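Enquirer: Chains as they are written, first to last, in my numbering: chain A, 1 to 114; chain B, 115 to 228.
I should point out that these hints are in silico values taken from the structure, not numbers from a laboratory.
Hints should not be assumed to be uniformly reliable.
As the list claims (entries may be wrong) - Here are the simulated lysine-lysine pairs, DSS-like style, with alpha carbons at most 25 angstroms apart:
(1) B/Lys168 x B/Lys119
(2) B/Lys185 x A/Lys44
(3) A/Lys38 x B/Lys151
(4) A/Lys44 x B/Lys119
(5) B/Lys185 x B/Lys170
(6) A/Lys38 x A/Lys17
(7) B/Lys151 x B/Lys182
(8) A/Lys44 x A/Lys17
(9) B/Lys151 x B/Lys170
(10) B/Lys119 x B/Lys151
(11) B/Lys168 x B/Lys185
(12) B/Lys151 x A/Lys44
(13) B/Lys182 x B/Lys119
(14) A/Lys38 x B/Lys119
(15) B/Lys185 x B/Lys119
Stated by the list, open to error - Chain B stretches covered by chain A per the calculated footprint, using a threshold of three residues with CB under 8 angstroms from any CB of chain A:
(16) 128–136
(17) 159–173
(18) 189–200
Just so it is clear, the structure is predicted and the values come from calculations on it, not from any experiment.
Backbone N, C-alpha and C define an ideal beta-carbon position, used for all residues, glycine too.
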Amino acid sequence: DAMVIQNPRYQVTQFGKPVTLSCSQTLNHNVMYWYQQKSSQAPKLLFHYYDKDFNNEADTPDNFQSRRPNTSFCFLDIRSPGLGDAAMYLCATSSTGISPNIQYFGAGTRLSVL
Amino acid sequence: DQQVKQNSPSLSVQEGRISILNCDYTNSMFDYFLWYKKYPAEGPTFLISISSIKDKNEDGRFTVFLNKSAKHLSLHIVPSQPGDSAVYFCAASGGIFDDYKLSFGAGTTVTVRA
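Chain B extracted, bound-state conformation:
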């Protein structure tokens, strides 16, 4: 059963505007949430993370917001740049066992238009 879901397979945004990517999860035991970015012909690379005890983490143009009560997190990219065009995966880890394993969403393809 999919524990992490990204319900928007794609997102198109104009350069300079905000990109908002959403992710929902079902397992309340997750204690870390991570975002990965993937360019074509490359492996996913780590972008930013957030602990379940926080509601916001910011790193430059990237901010992650976590709403535990709704089991929802979002990634904001401001301002969006052409180099941000990629597939973004939401992932979660934690629980009683195997807390180093990640559960992934299916990804959201972001296209930044010039």
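So here's chain A without its partners, still in its complex pose:
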């Protein structure tokens, strides 16, 4: 089945130690998104790739970076995780040119910062 896969499902890191979360898709969608979701809050868009073009949200901290080496893969890098970065990170994909633009989500990576 075509899907969005996030690895790892759980990630524990130390305060200040860089961490990378990964996302892969078999849907061949041109847009990939990264969301941060904290408990009982709405998913918050961090940034997205429209094809190869990176689009950062205005309030996304510089501590968060992303890479998309090809259509199928996208990475979220947190350069120096703080305690406030502990959250669920969701990757999603969509294909533009279709209305409504339905996003397909992975199961998420839960990040803990010690």
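Given the coordinates of chain A, work out where chain B should sit on it, guided by the hints.
Expert: Quick look at chain B alone, frame taken from chain A:
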């Protein structure tokens, strides 16, 4: 600023009865509204959508009602089943720029009692 709000964090309903989930929005430029369903340890999955030019969309047990003048939409689930127990997110897209991006509410946790 939160453009999509779900003011009821939880809802408990008896099996067989109707579940009504509410969502309010502030941006009159939104042109599509979507509902997502999320089970524990899974990513959100698309459930149903409605275009801003319609006031009702029905898909089996799920119906979305849109009241543009009130900037309010609701999701009705009839009859509610135990498998409907999940978190439901309201989302909206549209506007002049980036019409493929979604703004999410914080979600409503539905518990269907046997």
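Enquirer: All hints are to be evaluated individually against the structure, with a verdict given for each.
Expert: Against the structure, the hints come out as follows:
Our distance criterion of 25 angstroms between C-alpha atoms is met by B/Lys168 and B/Lys119, whose separation comes to about 20 angstroms. The straight-line distance between the Cα atoms of B/Lys185 and A/Lys44 is roughly 21 angstroms, inside the 25 angstroms bound, and the hint therefore holds. With a C-alpha separation of about 17 angstroms, the suggested pair A/Lys38 and B/Lys151 falls inside the 25 angstroms cut-off, and the hint holds. Under the criterion of a C-alpha separation no larger than 25 angstroms, the hint pairing A/Lys44 with B/Lys119 is consistent with the structure, at around 13 angstroms.
Between B/Lys185 and B/Lys170 the alpha-carbon distance is near 14 angstroms, which keeps this suggested pair within the 25 angstroms criterion. Simply put, A/Lys38 and A/Lys17 have alpha-carbon atoms about 20 angstroms apart, close enough for the 25 angstroms limit, and the pair holds. Annotation: proposed proximity of B/Lys151 to B/Lys182 holds, straight-line Cα distance about 23 angstroms (limit 25 angstroms). Of the supplied pair hints, the one linking A/Lys44 and A/Lys17 holds, its CA atoms being roughly 23 angstroms apart against a limit of 25 angstroms.
The suggested pairing of B/Lys151 with B/Lys170 holds, with an alpha-carbon distance near 19 angstroms, which does not exceed 25 angstroms. Straight-line distance between C-alpha atoms of B/Lys119 and B/Lys151 comes to about 16 angstroms, which keeps the hinted pair within the 25 angstroms bound. Under the criterion of a C-alpha separation no larger than 25 angstroms, the hint pairing B/Lys168 with B/Lys185 is consistent with the structure, at around 13 angstroms. At roughly 17 angstroms between alpha-carbon atoms, B/Lys151 and A/Lys44 fall within 25 angstroms of each other, so this suggested pair holds.
With a C-alpha separation of about 15 angstroms, the suggested pair B/Lys182 and B/Lys119 falls inside the 25 angstroms cut-off, and the hint holds. A C-alpha spacing of about 16 angstroms is found between A/Lys38 and B/Lys119, which places the hinted pair at or below 25 angstroms, so the restraint holds. Proximity of B/Lys185 to B/Lys119 is assessed by CA-CA distance (about 11 angstroms); at most 25 angstroms being required, the pair is judged to hold. Counting residues of the region 128–136 of chain B whose CB falls under 8 angstroms from any CB of chain A gives 0; the rule of at least 3 is not met.
With 4 residues having a Cβ less than 8 angstroms from any Cβ of chain A, the region 159–173 of chain B passes the three-residue criterion, so the hint holds. Under a criterion of three residues with beta carbons nearer than 8 angstroms to beta carbons of chain A, the stated coverage of the region 189–200 of chain B fails, only 0 such residues being counted.
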